[in-house]
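Protein sequence lines, in the order shown, are assigned to chains A and B.
Using my numbering, the final residue of the first sequence is 245, and nothing's skipped along the way.
Using my numbering, the final residue of the second sequence is 491, and nothing's skipped along the way.
These are calculated hints, taken from the structure and not from any lab test.
In this text, all values refer to a predicted model and were calculated from it rather than measured experimentally.
Check the hints yourself; a few may be wrong.
[Claimed, not checked] Here are the computed lysine-lysine pairs in the DSBU-like style, where the Cα-Cα straight-line distance is at most 35 Å:
1. K191(A) to K423(B)
2. K191(A) to K464(B)
3. K120(B) to K61(A)
4. K191(A) to K192(B)
5. K364(B) to K327(B)
6. K82(B) to K62(A)
7. K62(A) to K486(B)
8. K314(B) to K64(A)
9. K191(A) to K272(B)
10. K366(B) to K272(B)
11. K192(B) to K210(A)
12. K272(B) to K123(B)
13. K25(B) to K306(B)
14. K136(A) to K123(B)
15. K232(B) to K192(B)
[Claimed, not checked] Far from chain A by the CB rule (all over 12 Å, computed), these chain B residues:
16. E115
17. H202
18. T245
19. A403
Using N, Cα and C, we set each Cβ at its ideal position, and we do this for glycine too.
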Amino acid sequence: MNNNVFQAESIKRGLVLDPRTKLLLLVTMSVFVLSSAGGKGLEFLAPCLCIVPFVLLLTSKKFKSTILYAIIYLTAIMMLILLRPITNGVVNFLILGTAGIVTRFMPSIMVGMYVLSTTTVSEFNAAMLRLNVSEKIIIPLSVMFRFFPTVLDEFSSINAAMRMRGISLGGKNVTKMLEYRLVPLLTCSVKIGEELSAAALTRGLGGNVKRTNVCEIGFHLQDMVIIFLCFVPFALMLLSRCGIL
Amino acid sequence: MIEIKNISFRYENSESSVLNDISTKIYDGEVVLICGESGCGKTSVTRLINGLIPHYYEGTMVGEVTVNNLDVSRSELYETAKLVGSVFQNPRSQFFCVDTTSGIAFGCENMGLPENEVRKRIKKVANEQNINHLLERSIFNLSGGEKQKVACASVSAVYPSVLVLDEPTSNLDIHAIYNLREIVHEWKRQGKTVIISEHRIHWLLDICDRVIYMQAGAIQMDCPMEEFSRLKPETIQKMGLRPLTLNYHQYIKKTSRLQDTIDFHNFRYSYKEKNNALNISNLSLPRNGIIAVIGHNGAGKSTFSKCLCGLERKFNGSVTLNGLKIKKQKLLKKCYMVMQDVNHQLFCESVLEEVRLGMSEENKDKVEEVLTMLDLTAVAERHPMSLSGGQKQRVAIASALLADKELLIFDEPTSGLGYRHMKETAELLLNLKGKRSIFIVTHDPDLISSCCTHILHLENGCVKESYPFDEIGEQRLEIYFDEIKKEVTIL
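One chain only, chain A, in its complex shape:
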């Protein structure tokens, strides 16, 4: 099962970016690609920004996703450019719809995937701490990230057990599948949660001193480049709003 949410193994990562840079990148992508905030004058920005996830995924050595992304995105763009002018009616509408959704959503989703698969929980915590976010928000968030993979783990064992009992699509107990899955999942999650908090408490969580964090985060050259890249569209937008461009 592919559960790579915040579980990067630091040895395997390529180019390391600061989590804060990644957040900025995510915001920029959503603003300009997902919601095209630039307006008509800045339409050229979206395709340019779409190259960013391509490069990032390459640096993190996720070749399969990179190629898939490139193919799907290019196909969608080609459809928009080549097919839209020569079709009409329902076909035109369908092409516009699917290709539009792909070109809008895909780049942001890919950046999101990149962020989740290359950041560890402690990096995320360290970044939040530097941004002066309260521990009352950080700790629950980090518990959440700890819990996703745990639940997936339990889920695959439960699934195996269900298959051995003949509870599957097409079996005689289809209607009860959800219930059968939830009962053991809840029991196991509650148990793990309880043991986890006991362990965390005996390791001194919740003390009266400010926690430190050993994770080395900081801005490097590559961060500067990305941050600069992120500011360009914002600056352009500002300029065009002021009527200069």
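Here the structure of chain A is known, so what remains is to put chain B in place on it, guided by the hints.
Using the frame of chain A, we list chain B on its own:
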């Protein structure tokens, strides 16, 4: 020094008290084993020392516990955490973080130690315990033994003077147990006080200085290890404890039966990360016996059992039983695995409903017969999740029997059990001998010698040896366990 003075404790929602007027002193640098049958209160004693009782597990408590003059029951848990480090049974639920390095740093970070100091400590601890290769890894890609090593490192990094281990080997294989032994040894060398509550005693014989034996919430015996290790095996057995030495001398006389066999063909499987995790072209094993599947970590034991259960989708092998060739989908119908964590496989609202779930046709008499055999009639109406561990295991077995499963596979059924419960499980398996073919993936020598009839030794995905468990088999098994011990021990 740890001082426990006249402690009595009763958990909330429990009818009787778990500890009755316990008093003892543990001196600095002592390594103490607390043993006794399940439910004797040994885990509660460890919880007293690390403060989880009464701060996390609430209840009524009388008496006083001090660790280095700190009154544990009255001070906050994060104060106690600086003095006492704790390692628990379940390696899966001890980490707050998802990667190992932050897991080790966690305790120090909570104390607010400066970053450089924490980094220095991680390095030092990793060197001491030989786990440099485990740093910077995702917790979810480690084996149970590796997780337990990281857990030990994470408590060491805080530099506590007292370490408390609560049944640390429950989920570990024998290899990992000997590794843990090295770590405890290192702590002992550093002069730390170590308190271990444990079922399996053999690995602690030459490390512990003192043994506390508990029964029904009271200390029954408190003596130096030399004295304890001189006790006769019969006495140890009467006390409800696992044998002190790994012993294989009680094998069951093999009765000559029909030489029926199960034949395995083309048992091959590769993972994305690992080629040939399993690579057996032909194998014959006796039918309706109890077969112990042994081998090192990563030898292919769990891949073997998953393939046998038909759980691996890309698996193409087959099993011949009764002259019938059984392939993937059919294997799913014929085999059943009782998992290490039985909670994963109990779905229904009552035991009765649970065991009926997989039956092809309703058959009241058969249900009753199986429930009686497994001693479950009294709890037939209860919710499976409200039962004890052993009862849950029996419910899982009952459901497998009623669903006409021919092959039963058990994944480490007894590693966390005390002597009596282990024996009960062995009896249960012996009851099934001759009716079903049973495979036990296990590292528990006591269980093997109590019930197995055949040994299948896997190594690197291949069959290294396969032999009946008789006089010669017993010697071969002994050699296997000795070798593991030698591999790990560097003392």
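Hint-by-hint comparison with the structure:
Pair hint K191(A) plus K423(B) holds up; C-alpha atoms about 27 Å apart against a cutoff of 35 Å. With a C-alpha separation of about 38 Å, the suggested pair K191(A) and K464(B) falls outside the 35 Å cut-off, and the hint is violated. With a CA separation close to 31 Å, the supplied pair K120(B) and K61(A) stays within the 35 Å bound. Between the alpha carbons of K191(A) and K192(B) the distance comes to roughly 31 Å, so the proposed pair stays at or under 35 Å and holds.
In summary, the hint linking K364(B) to K327(B) is supported, as the alpha carbons are separated by about 31 Å, within the 35 Å threshold. Of the supplied pair hints, the one linking K82(B) and K62(A) is violated, its CA atoms being roughly 42 Å apart against a limit of 35 Å. Proximity of K62(A) to K486(B) is assessed by CA-CA distance (about 42 Å); at most 35 Å being required, the pair is judged violated. As the CA atoms of K314(B) and K64(A) are separated by approximately 21 Å, the hinted pair is consistent with the 35 Å bound.
A C-alpha spacing of about 32 Å is found between K191(A) and K272(B), which places the hinted pair at or below 35 Å, so the restraint holds. For the hint linking K366(B) to K272(B), the alpha-carbon distance of about 44 Å lies beyond 35 Å, and the restraint is violated. Between K192(B) and K210(A) the alpha-carbon distance is near 28 Å, which keeps this suggested pair within the 35 Å criterion. Distance check on the hinted pair: K272(B) and K123(B) sit about 32 Å apart at the alpha-carbon level, within 35 Å; holds.
Our distance criterion of 35 Å between C-alpha atoms is broken by K25(B) and K306(B), whose separation comes to about 49 Å. Restraint check for K136(A) and K123(B): the C-alpha separation of about 30 Å stays at or below 35 Å, so the hint holds. Using a Cα cut-off of 35 Å, the hinted pair K232(B) and K192(B) holds, with the two alpha carbons roughly 31 Å apart. Consistency note on E115(B): stated as away from chain A, yet its beta-carbon is not over 12 Å from all of that chain's, at 5 Å minimum.
For H202(B), the requirement that its beta carbon stay farther than 12 Å from each beta carbon of chain A is met, with the minimum near 26 Å. The non-interface label for T245(B) is consistent with chain A: the shortest C-beta to C-beta separation is roughly 32 Å, beyond 12 Å. For A403(B), the requirement that its beta carbon stay farther than 12 Å from each beta carbon of chain A is not met, with the minimum near 7 Å.
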